[in-house]
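A.B. asks: Starting from the given sequences, assemble the full structure and let the hints guide the process.
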Amino acid sequence: MKKSTALITGASSGIGLELSKIFAHNHYNLVLIARSTHKLDALASELRQAHQVDVLVLPADLSQPGAASEIFQTVQSKNLQIDILVNNAGFGVHEPLVKAELNETTQMLQVNVTALTELTRLFLPDMLARKAGRILNVGSTGSFAPAPYMAAYAASKAYVLSFTEGLAEELRGTGVTATALCPGVTPTGFQDRAQVGDMPLTRYGVLSAEKVAADGYKALMRGKRVVVPGLANNLLVLSTRLIPHGILLPFTRQMMTK
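So for the sequence shown, the working numbering puts the first residue at 194; every next one is plus one.
These aren't lab readings, by the way, just hints derived from the structure by calculation. A few of these clues could be false.
In silico DSBU-like cross-links for lysine-lysine, where the CA-CA straight-line distance does not exceed 35 Å [as the list claims (entries may be wrong)]:
#	residue 1	residue 2
1	Lys417	Lys196
2	Lys195	Lys404
3	Lys214	Lys196
4	Lys324	Lys411
C.D. replies: Put into structure tokens, the structure is as follows:
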């Protein structure tokens, strides 16, 4: 029986790495995307040996314009059918906007918003033609409310949530689903890059990347539109919906201070 194939961005660490393991365990062939060739090769070797699956490694920097199109063209040239698309790659910048490096902020939006949208648009037509496919877009609990000192990051994740929910409704009845995975604090390389390790907020609702990935996989397979892993994170999201932003944001600002 032919195995299905999952394409996963940001696969070399954190949630993306754990999702790669879950898909391999469930007998999916894989296309793994990340910047680090060394880490991808090591992961691919591990998964091939443990699960007897095919793994294609495609090193790529999604912060660069055109990277998504190059990935799509490579996949097409190898006649691979992508059954599941996981847009996991992303990073954050923790600074007041006026102090953040403009180039870094632009690259963040390229990864978190533009590349995610491009990959979805490129792989979606084939899924619709087959009347089968699943898309998992990784957002954040930051998708649900503005975040002082991470304003552009939170806005990018709000886009992911809105985009995914709107797309899911467009796809209703087509056989293709779209799911937004919105985790809270997850110990990954994200915290180091964003320099948020000392913030009070990073001590609330912490879940392992393994747990987040497992919840995301289950929700994807059930066709859920949105999943927020963990009770504490669900309560946090509920508070953002119930408390007026004029009251919420000063508290959030304090929690986001290093």
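A.B. asks: Compare the structure with each hint and give your call.
C.D. replies: Hint by hint, here is what the structure shows:
1. Lys417 to Lys196: Since the Cα atoms of lysine 417 and lysine 196 sit roughly 23 Å apart, the hinted pair holds (cutoff 35 Å).
2. Lys195 to Lys404: 29 Å, holds
3. Lys214 to Lys196: 15 Å, holds
4. Lys324 to Lys411: 20 Å, holds
Checked against the numbered hints above, the structure violates none of them.
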